[in-house]
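Asker: In case you want the letters, here they are:
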Amino acid sequence: METPLIEFKDVSKRFGTRTILDRVNLQIYEGQVTTIIGLSGSGKSVLLKHIIGLLKPDEGTILFRGKAIAEMKKKEIATSLAQISYMFQDNALFDSMTVYENIALPLRETTDLGKAEIDRRVMARIEQTELSEAAHRYPSELSGGMQKRAALARALVIDPQIVLFDEPTSGQDPVRKNAILSMIAQYQRKFGFTAIMVSHEIPDVYFISNRILALYDRKIVFQGTPEELENFDHPFNDEVIRSIEGLQEELTGLYSKRQFKVMNHAQLKRRTLGETYSVAIFTLEDLGEIVKNLGYDAAQEAIKGMGVYIDKHFSAIGGFSTRLSSNEFVTVLPFSDLAEAENILSDFVRDLQAHGIRDIWADTRKQAAADVCVEFAILAGIAQGQPIAEIDSIIDSAKNQQKEIARLRCDGGR
Amino acid sequence: MTLNENSRKLSESKAGWQTVTLLTGPFAVFGRAAISWVNNLGAAVIFLLLAFLKIFRHKQLSKIVQQVYYIGARSTMIIMLVGLFTGMVLGLQSYHALVKFGAQGALGTMVALSLVREMGPVLTAIMITARAGSAITAEIGIQRISEQIDALDTMRIDPLSYLISPRIAAAIISFPILTVLFDLIGIIGGYVSGVLLLGANAGTYFFRVQTSTEMKDLTDGFIKAIVFAVIVSTVCCYQGYFTHMRTDSHGAKAVGLATTSAVVLSCVLVLVSDYVVTSLLI
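Those protein sequence lines, which keep their order, are chains A and B. In this text, residue positions in the first sequence follow my numbering: the first is 237, and each later residue adds one. In this text, residue positions in the second sequence follow my numbering: the first is -3, and each later residue adds one.
Hints are supplied without guarantee of correctness; some may be wrong.
What the hints assert, rightly or not - The following residues of chain A were derived to be distant from chain B, with all beta-carbon distances above 12 Å:
no.	residue
1	GLY289
2	PRO342
3	HIS591
Stated by the list, open to error - In silico DSS-like cross-links for lysine-lysine, where the CA-CA straight-line distance does not exceed 27 Å:
no.	chain 1	residue 1	chain 2	residue 2
4	A	LYS292	A	LYS311
5	A	LYS528	A	LYS639
6	A	LYS292	B	LYS50
7	A	LYS351	B	LYS55
8	B	LYS50	A	LYS351
9	B	LYS55	A	LYS309
10	B	LYS5	A	LYS310
11	A	LYS311	B	LYS50
Calculated from the structure, these hints are not laboratory results. Ideal Cβ positions, reconstructed from N, Cα and C, are used throughout, including at glycine.
My request is simple: use the sequences and hints to build the entire structure.
Answerer: Shown next, in the form of structure tokens:
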């Protein structure tokens, strides 16, 4: 069995008479995105600070690659901790330093690299995080999203093997929240670090997380994949996840992935055996090109615009939708066979080609970091489902049927 | 033994405890305050020793130079202004006191010795505390409450070495230089009021300044300036660094209180240590 990168064994932490962590046991594995979820004030940040060594447990053991930190020599601890970077909830940027100086600080102070090499590495991170124009500005002169990116650039400049993110999306609007999460996912894939994140953003974090740890009542009550969490029968699900998802639905109109499945099952139960439904899958192609040319904020605006457009169109006729992955949406059309679904979809395609894609582009452009046009396409595929068939297999079948339904062309054509 | 007897004895013993608590209460308050004071003093001494040792680490020079500019160079104007008027007041008061005894020729001696031995080091230390010390506490305090110091820890940058050591080194360099500047400008101030305004003899004034000021006076003033530098920089850095440990307040209010405590404590300790150092050197 794989040795966990970080393991907590019966870790307890108290502040005065208040117990924050009570015999916590958890495992975090290398190369994955692990997200710790829980209510505000449940001790998620305290847990994270134990990993980086800012706090020490009152009881229990923390193991790093199978070895107890308490038994390590000072030099060994320093070597282990040198592989970890930490991104603070409030960024913790030095307000008397420019963005460039903030990012260069760990290299200047902890390495013997020359000025030219430091400059090369810092500028590379600045470009990757789209902060070129803000390099010589102070943190107070930046927007919240840019400050987050600066903090992320500083955390990544030492090429860490493990990055801890403490509420990376706190205080951000919905578009920027998704932008930051996709940025973390993209960098994690690009640089291959192990990401450990504390977040409230349910279900958004499910899309980028390999594992979820649920902290509830001072203990880790769940460890597993996002899919396993959906079937987890525990008060945590009622008290934490449903309350957050309820808010999410009110804010965006789209259902969470879990609610989507629940609704689908409810619809199926009501129907008699043999009745059909259809599933449509929509994909925003060329999302990478939008990110590359216009930035994360613009890409997230495009995704948001597409989600709102799909929901507006299909919810009016009884459909319900959710986001499937970073650039995919799924819609269930109850009581519709394939022929009906194709008719509904052709109305949608006409509308999308006439106005929708331009509206999406107009909103995207407002958030763009550069004044350039990026061509992108929207694909759609439909499949007919049977009540006895699993929704996932219908989704796969719809994906296989996908074809281009609209394209934004920079020369004005569609 | 009956139940009644038991409960009577219990209430008697409770009443006895209450009397003891009432009598020892005030002493307990002083005791707790004394323990807390000794704890803080010990922590501050360890803080100073660790920070002092880290002055000699790699990559410190540029940070020390930066702090010398901030603590020293940028305090020059205020030190010159205060030095000038201190010297002028000293010249004015001394002249009127000495003229009664026909001893106005000793004006230079009085002004020079007062400044070099006492007023120069003490007033310089107090002025730097007010100008730079308070800013050091506020800056470090804000860095503490906004997790910037924790961020240094997570980046494997030693906060003591990065934030505190350069400031202590810069204070040790700046205080004696500014004290000498204060003394010089003060002597000129005494000349302005005593000689130019009140008519004392210029030659006698400078002759007395030169003959009465010995090397020992200068080195004593120098030693005092270094002692004050260590006290002021340690107190101001310590108060800022441990802002988050304050029990009387949190956040921005804690930074404000830490700054006030740093200034008041530094000034009091400067005056107390002045007496101690003088009595040892005299």
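Asker: Next, verify each hint and record whether it holds.
Answerer: Going through the hints against the structure:
Once the 12 Å rule is applied to beta carbons, GLY289 of chain A is inconsistent with being away from chain B; the minimum gap is 8 Å. The claim that PRO342 of chain A is not at the interface with chain B is violated, since a C-beta of that chain comes within 12 Å of its own (minimum 4 Å). Against the 12 Å criterion, HIS591 of chain A stays outside the reach of chain B, whose nearest CB is about 47 Å from its own CB. For the suggested pair LYS292 of chain A and LYS311 of chain A, the alpha carbons sit about 17 Å apart, so the restraint of at most 27 Å is met.
Restraint check: the Cα-Cα separation between LYS528 of chain A and LYS639 of chain A comes to about 24 Å, which is no more than 27 Å; the hinted pair holds. The suggested pairing of LYS292 of chain A with LYS50 of chain B holds, with an alpha-carbon distance near 25 Å, which does not exceed 27 Å. Proposed proximity of LYS351 of chain A and LYS55 of chain B is supported: the alpha carbons are some 14 Å apart, at most 27 Å. For the suggested pair LYS50 of chain B and LYS351 of chain A, the alpha carbons sit about 24 Å apart, so the restraint of at most 27 Å is met.
Restraint check: the Cα-Cα separation between LYS55 of chain B and LYS309 of chain A comes to about 26 Å, which is no more than 27 Å; the hinted pair holds. In summary, the hint linking LYS5 of chain B to LYS310 of chain A is not supported, as the alpha carbons are separated by about 58 Å, beyond the 27 Å threshold. Taking the CA atoms of LYS311 of chain A and LYS50 of chain B, the gap is about 18 Å. The hint holds against a cut of 27 Å.
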